[in-house]
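*Asks:* Below, each chain spelled out in residue letters.
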Amino acid sequence: MMNKKLIDPFRAAFHNTHEAGRVAFMPFLVAGDPDMKRSLAIFKAVSKYADMLEIGFPYTDPLADGPTIQAADERALKSGINTAKVFDLIKQLRGFYKKPVTVLVYANIVYQYGVERFYKTCAGAGIQGVLIPDVPYEEAAPFVANAKKYGVCPIFMITRTTTAGRLRNILKYAEGYLYLVSVLGVTGSRNSLQEDTTGFIKSIRKQTSLPLALGFGISKAEQIEQAARAGIDGVIAGSAIINVIENHLENPAAAAEAFIKGLLRPLDYQASIRS
Amino acid sequence: MNKKSGMAVKDKNRKGYFGEFGGQFVPETLMTPLHELESSYIKLIKNRRFIAELEEMLGSFAGRPTPLYLAKNLTALCKGAKIYLKREDLTHTGAHKINNAIGQALLAKHMGKTRIIAETGAGQHGVATAAVSAAMGLECTVYMGTVDMERQKPNVQRMQLLGATVTAVNNGSKTLKDAINEAIRDWVTNVKTSHYLIGSVLGPHPYPVMVRNFQRVIGVEARAQVLKKEKRLPDYLVAAIGGGSNSIGLFHEFLNDRKVKMVGVEAGGLGTKTGKHAARFAGGSPGILHGTLSYVLQDRSGQITETYSMAAGLDYPSIGPEHAWLHQTGRVEYTSVTDKEALHAFKLLSAKEGIIPAFESAHALAYGMKLASRQPKGRIVIINLSGRGDKDLLTNIDK
Numbered sequence: 001m002m003n004k005k006l007i008d009p010f011r012a013a014f015h016n017t018h019e020a021g022r023v024a025f026m027p028f029l030v031a032g033d034p035d036m037k038r039s040l041a042i043f044k045a046v047s048k049y050a051d052m053l054e055i056g057f058p059y060t061d062p063l064a065d066g067p068t069i070q071a072a073d074e075r076a077l078k079s080g081i082n083t084a085k086v087f088d089l090i091k092q093l094r095g096f097y098k099k100p101v102t103v104l105v106y107a108n109i110v111y112q113y114g115v116e117r118f119y120k121t122c123a124g125a126g127i128q129g130v131l132i133p134d135v136p137y138e139e140a141a142p143f144v145a146n147a148k149k150y151g152v153c154p155i156f157m158i159t160r161t162t163t164a165g166r167l168r169n170i171l172k173y174a175e176g177y178l179y180l181v182s183v184l185g186v187t188g189s190r191n192s193l194q195e196d197t198t199g200f201i202k203s204i205r206k207q208t209s210l211p212l213a214l215g216f217g218i219s220k221a222e223q224i225e226q227a228a229r230a231g232i233d234g235v236i237a238g239s240a241i242i243n244v245i246e247n248h249l250e251n252p253a254a255a256a257e258a259f260i261k262g263l264l265r266p267l268d269y270q271a272s273i274r275s
Numbered sequence: 001m002n003k004k005s006g007m008a009v010k011d012k013n014r015k016g017y018f019g020e021f022g023g024q025f026v027p028e029t030l031m032t033p034l035h036e037l038e039s040s041y042i043k044l045i046k047n048r049r050f051i052a053e054l055e056e057m058l059g060s061f062a063g064r065p066t067p068l069y070l071a072k073n074l075t076a077l078c079k080g081a082k083i084y085l086k087r088e089d090l091t092h093t094g095a096h097k098i099n100n101a102i103g104q105a106l107l108a109k110h111m112g113k114t115r116i117i118a119e120t121g122a123g124q125h126g127v128a129t130a131a132v133s134a135a136m137g138l139e140c141t142v143y144m145g146t147v148d149m150e151r152q153k154p155n156v157q158r159m160q161l162l163g164a165t166v167t168a169v170n171n172g173s174k175t176l177k178d179a180i181n182e183a184i185r186d187w188v189t190n191v192k193t194s195h196y197l198i199g200s201v202l203g204p205h206p207y208p209v210m211v212r213n214f215q216r217v218i219g220v221e222a223r224a225q226v227l228k229k230e231k232r233l234p235d236y237l238v239a240a241i242g243g244g245s246n247s248i249g250l251f252h253e254f255l256n257d258r259k260v261k262m263v264g265v266e267a268g269g270l271g272t273k274t275g276k277h278a279a280r281f282a283g284g285s286p287g288i289l290h291g292t293l294s295y296v297l298q299d300r301s302g303q304i305t306e307t308y309s310m311a312a313g314l315d316y317p318s319i320g321p322e323h324a325w326l327h328q329t330g331r332v333e334y335t336s337v338t339d340k341e342a343l344h345a346f347k348l349l350s351a352k353e354g355i356i357p358a359f360e361s362a363h364a365l366a367y368g369m370k371l372a373s374r375q376p377k378g379r380i381v382i383i384n385l386s387g388r389g390d391k392d393l394l395t396n397i398d399k
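Chains Y and G are the protein sequences, given in the same order.
Positions 1 to 275 (the numbering used here) are the ones given, in order, by the first sequence.
Positions 1 to 399 (the numbering used here) are the ones given, in order, by the second sequence.
Simulated from the structure, these hints should not be mistaken for laboratory data.
Hints are not guaranteed to be accurate.
Among the chain Y residues that face chain G by a calculated CB cut under 8 Å, a handful are [unchecked claim]: (1) 63; (2) 77; (3) 80; (4) 92; (5) 94; (6) 111; (7) 115; (8) 138; (9) 140; (10) 141; (11) 142; (12) 157; (13) 162; (14) 164; (15) 169; (16) 181.
As the structure is a computational prediction, the values presented were derived from the model and not from experiment.
All C-beta atoms, glycine included, are put in the ideal place defined by N, C-alpha and C.
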């Protein structure tokens with residue numbers, strides 16, 4: 001059995017943003033939202049600003065997600081997307097986007113595709129990370145084994161309820177980066193960071209050398225600055241961008257791009273924050 | 001441990017699994033709370049005071065034990081096996097759901113939770129949870145699909161009167177599946193103060209085991225009752241299956257009685273060939289939904305498909321993982337009946353026995369009568385009459 005040596009592409013990407021003195025900006029988009037054609041246009045526009053990308057597989061029952069991403073999933077599914085088409089779309093993305101890509105996918109989609117076949121196809125499509133929000137480490141063994149076999153990083157979430165013992169177990173599996181969930185709750189943009197996000201980031205920072213990315217609720221430059229000061233390596237923004245897409249379905253790519261430009265504009269002085 | 005409440009059982013399987021089915025497929029945020037729930041549960045079911053409280057509530061509040069009733073007219077009509085009805089419809093709030101609601105609400109209270117979250121399809125679990133929450137001084141929020149709110153309106157009013165907040169769910173199929181999604185989202189958000197009181201043998205471990213153990217009382221009573229009346233065990237047990245809590249509640253105590261055959265009846269809707277049904281074993285395959293690996297109605301990509309049944313309580317695309325295992329081992333037989341057959345049984349039981357069954361339970365009746373009529377006299381069939389049908393009277397039953 002071939003066991004590909006894992007060259008962690010995320011380390012390199014985070015190294016580059018560190019060197020540039022800023023946190024990595026990691027947008028999350030739903031594949032096929034609102035349809036294949038417009039989704040690809042959105043990928044093109046948004047990826048220009050992305051240090052890494054997270055792409056979601058649409059699912060009928062996304063129970064870790066709030067109404068914004070659920071609606072995006074529904075739009076994509078209505079346009080006829082399926083697992084094979086998501087992989088096609090990502091292969092097209094790979095034609096113009098060379099930085100790391102993580103997919104966020106619910107367990108049943110992986111299970112139906114076949115766990116091994118899924119990771120093998122990911123590797124072939126140029127996907128570097130797989131995050132399955134409904135597979136905690138207790139159930140992760142078969143997924144992680146295949147991730148390692150095909151040289152894909154298993155990405156795990158750390159939340160406000162993750163105990164020290166759980167964190168140690170998760171760190172045995174996790175590669176690439178840790179996805180810190182800043183809130184108790186589901187995805188969806190919020191106006192401020194939850195109380196003591198700084199303390200949360202700092203406590204995880206002490207326990208691992210993996211890069212840390214903060215997600216859930218990120219929609220404002222001030223939140224990104226605050227997280228940067230606390231020592232975060234990357235921020236994931238999903239629902240805030242997808243809200244814009246939902247409100248500009250006639251030309252979502254341009255609207256999403258304009259939104260991201262606005263979001264990142266105040267952050268030009270990030271270098272001074274991190275140094 | 002305790003005979004009456006039927007709490008003492010050992011599982012031979014890997015923790016949280018029934019054969020290859022079950023598990024804990026939930027977001028990280030819920031894992032620590034699930035472990036806390038499991039350890040509290042394990043501790044409390046050995047606690048005498050907890051068991052005493054549980055039995056007091058099951059007896060004085062819910063009205064247990066429920067009778068095992070010989071349906072003489074139905075038996076005469078079917079000209080075959082003797083038909084007994086386990087009268088869960090006679091419990092307070094009108095269905096077996098109260099057994100589990102009492103158990104979990106007591107557990108939540110002992111864990112220091114102040115708020116209960118529940119989902120409901122037919123509304124019976126929601127009503128039971130609302131009633132128990134009121135009695136125990138717990139805040140209660142019930143999620144219900146708008147399609148179900150429309151077809152089970154009396155239960156919405158009952159929940160509200162009992163002080164619960166009923167939150168309408170307008171996503172997806174607007175039925176039980178989507179109500180569960182919303183309940184889980186609420187739980188993820190309010191996990192520190194709230195207990196998610198799942199109404200069936202579904203969801204991540206420890207729910208399928210815990211809910212089953214709270215429902216085992218049905219079978220524990222039925223077994224003692226039939227032995228007393230007939231001096232022997234029944235030949236068949238028949239129960240309807242949505243998530244599968246009333247059926248596993250009846251079956252579990254008999255699983256080691258090798259001669260007792262068991263049949264679970266799923267919702268055939270307009271027919272299992274039409275695609276408009278909720279018969280997971282007829283049209284589904286193994287998959288992961290709502291935290292558990294079981295049989296699921298889905299497409300080839302793993303997207304969950306919409307189900308159909310006139311019985312809101314059976315209208316769900318997955319089934320408890322223990323049933324998936326019992327199906328695989330062949331210990332329990334699973335079949336389905338259509339809306340039409342269930343409606344016929346609904347009317348027949350009302351007219352011939354003076355008992356109006358829930359649409360859900362009418363599925364078990366429809367199959368149970370078919371089965372009884374094929375059996376020689378002297379055989380015994382116990383049908384779980386899981387709930388009463390008052391809630392269904394607003395549906396057009398003349399179609």
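*Asks:* Checking against the hints above, which ones are violated?
*Replies:* Hints 3, 4, 5, 7, 9, 10, 11, 14 and 15 contradicted; others consistent.
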